[in-house]
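Okay, here's what each chain looks like letter by letter:
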Amino acid sequence: MAIYVILALDVLNGISSLFLLCLGLAIIFGMMKIINLAHGEFIMLGAYATVISANAGVNIWIAMLIVAPLFVGIVGLVIERCLIRFLYGRLVDSMLATWGLSLLIIGIITTIYGNTQQGVPTPLGGFSIGSYQSSYYTLFLAFMAAVMMAIIYGVMRYTRFGLVARATMQNPAMAATLGVNPARVYMSTFALGAAVTGLAGGLLAPVSGITPVMGGAYVAKAFMTVVGGGAAILSGTLSAASLFGSVNQVGAYFTTPVYGEVIVFTTAIVLIRLLPQGISGRFFKGNL
Amino acid sequence: MDKRLRLALQAAGTVVAIGVIAIVPSVIELFGLMQLTLFAAMSVLALSLAFIWGYGGILSFGQTAFFGLGGYAYAIAAVNFQDSTPAILLAIVVPALFAAILGYFIFFGRISDVYLGVITLTVTLILFNSVNSTSGDAYKIGKALLGGFNGMPAVPTFNMPFDPSTVLSPEQSWWTTAYVLLGVFLLLRLLLALPAGRIIVAVRENEVRASLLGYDPRLVKCLTFILGGAIAGLAGALYVNWGAFVSPTIFSLSLSAEIIIWITVGGLGTLLGPIIGCVVIEYIVAYIGSQQLLNSNLVLGGVLVVFVLLLPKGIFPTARDLVMRLIPDKKPKTNGPVPSAAAPHPAGAE
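The listed protein sequences correspond, in order, to chains L and Y. Each residue of the first sequence is one higher than the one before, starting from 3 at the first, in the numbering used here. Each residue of the second sequence is one higher than the one before, starting from 11 at the first, in the numbering used here.
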């Protein structure tokens, strides 16, 4: 019996970390149609910001929840101003440039901090179910995923910024005639996506090995989820993260973690073949 | 340039290339020759993506998937058969089959360009992870141990066709690799001059129009993709022959990025440009590896960003345009419209 509870916790963990990883990408891709191939490196930067500041004596919660998103948000802002804004509407070029950017960030971090693995201890303790151990941090991740979902929904649905952002994404020319500056909206949306990604990196820092190339491990999963989810930011990402997260954990439980990923990937390809618009393109059309 | 001059130039270039390849081993010492052999093998890989991206309009972020599959197929077959002839064939067929399966899902699913890049990227990562996890005695195909992250050492190199006892010398290896490169180049040139090549380019230009003219864009793209996969597989076999070694890093993302960088730097939509880009970039990477100051990722990433922003056409087309501008037209067009008539009327002149 206990084993099923543990497995359920694992699945919950898989879903919530996948959701957190993808949310920033979904905001940037879903709203701006920019494929940010440096997404994995934004996660890595968030994790590094957390580790460096935590090891410098900052409280781990502040490092995770404030320093990481703030730092990556600012990095995102600078990148949008210096690079991305020249590439709107040039989809392939934006993919190439962000890929170059991802290599550049990996190179910079390797040069500064070296190729060694960093880490912070996992806060909160563990608890046991039967003869199995689990940690409260797993539950905290799920809690944070729910909080992020509520925040993004609230911001996009009920604030003036959300309204302006959604209007600009639907029709930039019309929004501009109504007095909105699309360039500024794009800038803040990109920075918001980067900050959410940095937060994900910070939250996952205690439970993952932190190296300059760690982004590569996440970027494929994140893209599969966003593509599988389709255009709707929240419902799409949540449904795809639930599907792929559970498939991944259950597959990994019965085989090995690597084959778990292979199974997820195969599921994703078949899903895209069946639903080219993603899950939300079929079932949650027009939702946020 | 008129057609006949162009043809003559191309023929002369081919003859020069054949001659240069033949005499290189007697001019350059062994280390340089080995490095050139590597560059030639990589150039075949560059051609495979230059073809499917530049002419087919298919941007694959995971061309290394086919490169790696070709390398592994060659290595496994060569260890099992102890003869490179069937191994090379398998190195072409296995990636082509994989490309066919993947291409079916991608193109017949009508997946857009963006998702195509994402899917090919993911395939490469998954292959990297899967092959990485194959260490131990349990993972063997025939006599070949896969070896996980450590890869497969001591892979038999090329031998004379159907004669496993005569192994090629480094000079003969260079000739094989370089002439394969030349052969692939000429083959692609020929293909692009044929109606089949025109259809490929037509589909790249406008899928709807091509399908209205009776061609199936899905099938055309799928076939283009398969051909690209086969060439990349061949490049994989050449690469393994060069080092007598294959490891999962052959699937790595940084190599995938390098191929894209070769083409972006050399020039998209040409075949010669990517080869130039490949040699230049690989030379720089080899040079960076010999010093400590700069990280190769840093330089490659910087190069890619700068080229996308400032020189999106690449070196080769930019240089060609410059040269074309310097050569004055021999025959000024007298039949064309007179300049004054071509000038737009000032607004409201009538």
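You may find that some hints are simply not true.
Claimed, not checked - Covered stretches of chain Y (in silico footprint by chain L; criterion: 3 or more residues with CB under 8 Å from a CB of chain L, positions within the stretch not fixed): (1) 72-81; (2) 125-132; (3) 155-162; (4) 317-323.
Unchecked claim - Sample of chain L residues with no beta-carbon within 12 Å of chain Y, all distances over it, derived: (5) TYR6; (6) LEU89; (7) THR112; (8) MET150; (9) ILE153; (10) GLY230; (11) SER248; (12) PRO259; (13) LEU277.
To be verified - Chain L is faced by these chain Y residues, among others (derived, beta-carbon under 7 Å): (14) GLY67; (15) LEU69; (16) LEU135; (17) TYR149; (18) ILE151; (19) PRO227; (20) LEU229; (21) ASN305; (22) ASN307; (23) LEU308; (24) GLY312.
No lab work stands behind these hints: they were computed from the structure. Predicted, not measured: the structure shown is a model, and the values here were computed from it. No residue lacks a Cβ here, since even glycine has one placed at the ideal position from N, Cα and C.
Taking the hints in turn, this is what the structure says about them:
Coverage of a stretch by a chain is defined here by at least three residues with a beta carbon nearer than 8 Å to that chain's beta carbons; for the stretch 72-81 of chain Y and chain L the count is 0, and the condition is violated. Only residues whose beta carbon comes within less than 8 Å of a beta carbon in chain L count, and the stretch 125-132 of chain Y has 6; three or more means the coverage holds. Counting residues of the stretch 155-162 of chain Y whose CB lies closer than 8 Å to any CB of chain L gives 0, so the stated coverage by that chain is violated, three being the minimum. With 3 residues bearing a CB less than 8 Å from a CB of chain L, the stretch 317-323 of chain Y meets the requirement of three and the coverage assertion stands.
Separation of L:TYR6 from chain Y is adequate, the least Cβ-Cβ distance of about 27 Å exceeding the 12 Å criterion. Listed as outside the interface, L:LEU89 is inconsistent with that label: its C-beta sits roughly 8 Å from the nearest C-beta of chain Y, within the 12 Å cut-off. Taking the minimum C-beta to C-beta distance to chain Y, about 5 Å, the non-interface status of L:THR112 is violated against the 12 Å cut. Distance to chain Y confirms L:MET150 as a non-interface residue, since its nearest Cβ pair spans about 23 Å, more than 12 Å.
Even its closest Cβ contact with chain Y, about 27 Å, leaves L:ILE153 beyond 12 Å, as expected for a residue assigned away from the interface. The beta carbon of L:GLY230 sits about 10 Å from the closest Cβ of chain Y, which is not more than 12 Å, so the claim that it is off the interface is violated. With 12 Å as the threshold on Cβ separation, the claim that L:SER248 sits away from chain Y holds: the shortest Cβ distance comes to roughly 19 Å. Not every Cβ of chain Y is farther than 12 Å from the Cβ of L:PRO259; the closest lies at roughly 8 Å, contradicting the non-interface assignment.
Listed as outside the interface, L:LEU277 is inconsistent with that label: its C-beta sits roughly 10 Å from the nearest C-beta of chain Y, within the 12 Å cut-off. Of the supplied interface hints, the one on Y:GLY67 is violated, with its beta-carbon coming no nearer than about 10 Å to a beta-carbon of chain L, more than 7 Å. Because the smallest distance between the Cβ of Y:LEU69 and any Cβ of chain L comes to about 6 Å, under 7 Å, the interface hint for this residue holds. For Y:LEU135, the suggested interface contact is upheld, since its CB lies about 4 Å from the closest CB of chain L, less than 7 Å.
Taking 7 Å as the C-beta cut-off, the interface hint given for Y:TYR149 is violated, the closest approach to chain L being about 12 Å. About 17 Å separates the beta-carbon of Y:ILE151 from the nearest beta-carbon of chain L, more than 7 Å, and the hint is not met. Restraint check, Y:PRO227 versus chain L: the minimum CB separation of about 15 Å is more than 7 Å; hint violated. A hinted interface residue such as Y:LEU229 counts as satisfied when its beta carbon comes closer than 7 Å to some beta carbon of chain L; here the least separation is about 16 Å, so the hint is violated.
A hinted interface residue such as Y:ASN305 counts as satisfied when its beta carbon comes closer than 7 Å to some beta carbon of chain L; here the least separation is about 4 Å, so the hint holds. Proximity of Y:ASN307 to chain L holds as hinted, the smallest CB-CB distance being about 4 Å (cut-off 7 Å). Given hint, Y:LEU308 at the interface with chain L, holds; its Cβ is 3 Å from that chain's nearest Cβ, closer than 7 Å. The interface hint given for Y:GLY312 holds, since its Cβ lies 6 Å from the closest Cβ of chain L, which is under the 7 Å cut-off.
Comparing the model with each earlier hint shows violations of hints 1, 3, 6, 7, 10, 12, 13, 14, 17, 18, 19, 20; every other hint is respected.
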